[in-house]
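Colleague: So the sequences go chain by chain: F and S. Each residue of the first sequence is one higher than the last, beginning at 243 in our numbering. Each residue of the second sequence is one higher than the last, beginning at 243 in our numbering.
No lab work stands behind these hints, which were simulated from the structure alone. Computed from a predicted model, the values in this text were never measured in an experiment.
The list treats identical chains as one, so a pair stands whether inside a single copy or across any two.
Derived pair list, reagent style DSS-like, types lysine-lysine, alpha-carbon separation capped at 30 Å:
| no. | residue 1 | residue 2 |
| --- | --- | --- |
| 1 | 449 | 372 |
| 2 | 661 | 649 |
| 3 | 372 | 422 |
| 4 | 449 | 649 |
| 5 | 422 | 608 |
| 6 | 527 | 422 |
| 7 | 661 | 372 |
| 8 | 649 | 372 |
| 9 | 608 | 547 |
| 10 | 608 | 649 |
| 11 | 527 | 661 |
Protein chains: 2
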Amino acid sequence: MPLMQSWVASANAPETDFPLNNLPYGVYDLGDELLFCGVAIGDRILNLTRLEEEGLLDLETGQFFGWGTWSVFMEAGQDAWDELRAWLMVMLREGSEAETALSKFLDAQADATMHLPFDIMEYTDFYASKHHASNVGTMFRGPENALPPNWLSIPIGYNGRASSVVVSGTDVVRPNGQLKGPNDDLPRFGPCARWDFELEMGAIVGKPSDGMISVGEADDNIFGYVLLNDWSARDIQAWEYQPLGPFQAKATATSISPWIVTKAALEPFRTSTPERERPLLPYLKEPGPMLYDIDLEVTLAPESKAETVITRTNYREMYYSAAQQLAHHTTSGCPMNVGDLLGSGTISGPDKGARGALLELAWGGKEPVTLDTGETRSFIEDGDTVTLRGHAQGDGYRVGFGACTGKTLAAPTIPDWAKE
Amino acid sequence: MPLMQSWVASANAPETDFPLNNLPYGVYDLGDELLFCGVAIGDRILNLTRLEEEGLLDLETGQFFGWGTWSVFMEAGQDAWDELRAWLMVMLREGSEAETALSKFLDAQADATMHLPFDIMEYTDFYASKHHASNVGTMFRGPENALPPNWLSIPIGYNGRASSVVVSGTDVVRPNGQLKGPNDDLPRFGPCARWDFELEMGAIVGKPSDGMISVGEADDNIFGYVLLNDWSARDIQAWEYQPLGPFQAKATATSISPWIVTKAALEPFRTSTPERERPLLPYLKEPGPMLYDIDLEVTLAPESKAETVITRTNYREMYYSAAQQLAHHTTSGCPMNVGDLLGSGTISGPDKGARGALLELAWGGKEPVTLDTGETRSFIEDGDTVTLRGHAQGDGYRVGFGACTGKTLAAPTIPDWAKE
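All chains, full assembly: derive it from the sequences and hints.
Modeller: Below is the structure:
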């Protein structure tokens, strides 16, 4: 599929994340209290909230955009999803008669402050890149126990903390926590010294389920995708995670990009999960290609300095797809709700420059990463801004996600009652 | 404090769970679609929704009871909590002039179907009984690694699945899942064969926090407590839980008792956590007694047969209090919300008859429990009903929780696409 031309000129530039082929959904304000639902097109946002108020957007499936969240629209289901996308395609294409009427409802992305695009119900994080699991496993448990015995059979996941999910642009405060080095007798309480990012994709559940669903049904139930940075306190995690998994190490913040890229927009970029190294149980078998070919990169910028690309990888590197993860999530009868967010797990490729976390890139601090500024990093320092970017590359156009960015601020002062 | 006499005669019986001293909060219907907020008093429920509609309950702090949930009232904060309890104490005490007016608004508990009493925002489960952790650790990892190295320093917890929380009386369907015995080469997909209960208390967060709070503040933020059964698939758990913790093994259902027993009602029963075996970090130190002396028991009844008490223990056996758990939960900056539910972890006492799960009671199947019916149980069978009960014993009265019960139904038929 080639670039689809729009009368919004900036949407036709080959390097924009938001051509007519994309049409991702976000929530924003323009400097006052009002929250708008909008669609990114080039460097503009089409304001659906105001269009609906004015009667210029009148979907047969209902009214959805007065709530400052896309959750109401997601709840409406596939017919509404299809109707809106079809309407937008007609209205925004080059030559559309709607240009004059709609151009008044275009806001500049530069003027918009983005908000979480939907109500996060529950958040689950997975562990589905074999390269990442092998790298981290080698560091935490040694090369002979790198990949857990279940890893090739189960899309390993754990429940995260939905209340900690924030939108791109939100500052992230370095956590305090219990820390204990291998040679310490007792833990102490202090600021995390091994603060890290994790490059992930987030899949958004758009249809509820109550009982076990197949991989194909799971794929149908996914509304769209975002970039996701699962900020991680490696030192807190190392001390706390046995036997019940990561807890406070992952509860400070998880940042997501502000635009939901719909599954419809990603359809041309489907690709298959890799050859299985161990046969999967039938319930995890995919009826078709369930991954997407999405180029991903991460940059790190020290305070007031230029950013350096520190990793480049691709979502197709995953061993398990989001549809497989969601299907597995339902095996126990676990009810899934509209607005559940599934983190893919850190996306690492086979090469050193394709690793999706500083822990791996700097190999636990043994091989610090050198930035273009000449500084080195083993972990994130205060003032550093980490930015995730991603896009699927079409023929002369991109379906992009925008940026998922966050600056790390110093840990809170420890109150007197918590001091030793 | 002695029994406080009420004009509701059944509230003055020494064996009732619901004397005037208690006044727990629930949500119920009477056979149609309407949900009422009510207060248990003896074998009756005072219908606050109808009282508020009729203008007979007119709190200065606001109107709260038209929503079919206690969450709106919880959000209103301490002043509202105090005002309602004071009003109820005056209105329901023996000799109150309100008897004639209010007696029309008493519903029979026998006629009521109970619902979840509040909106469960997120659910966290802890692991805070030393006896339980030692028993399970011995079975899973051997006696030399029974207690994880962090256990005496951290109130170990993990995020559970809020969507799976159900009210007492809801049938629970045995899960299917990935199973792999120690001698199997590969896992298979089938019904859980080691289905278990966990006897816990649930603490309900009633005030939000955004940043680290002390144990004292955490105690202030707890609205009340329920009984909680964290149903567990031990075989699914054993295969899936490394390295990121339990996931589908705990996602089928968590049952809670329908009545929120407020912290105010439990105040006379405060007791201290045990002597520390290793010094705690200052942020976990308690400003006063934070546990409660609550007698607990569990019964198991095979299909259409009488129940047998299979364990008797007490909440005071815990090593960590809910206030300590909540304080630890906030160390990373994790935002806590009204309606967050914290499971205490399985409550086991030091004796064999005081263990809070069948896994421990029957020692992994090696020492099956004999029921009064003559049958034995290593794990829960289809048709079995497990019931948790608990109360604090006062001088001639009880502050009780009612029952937390659930019957296990057979696992769903495995669909053709999931068969091998």
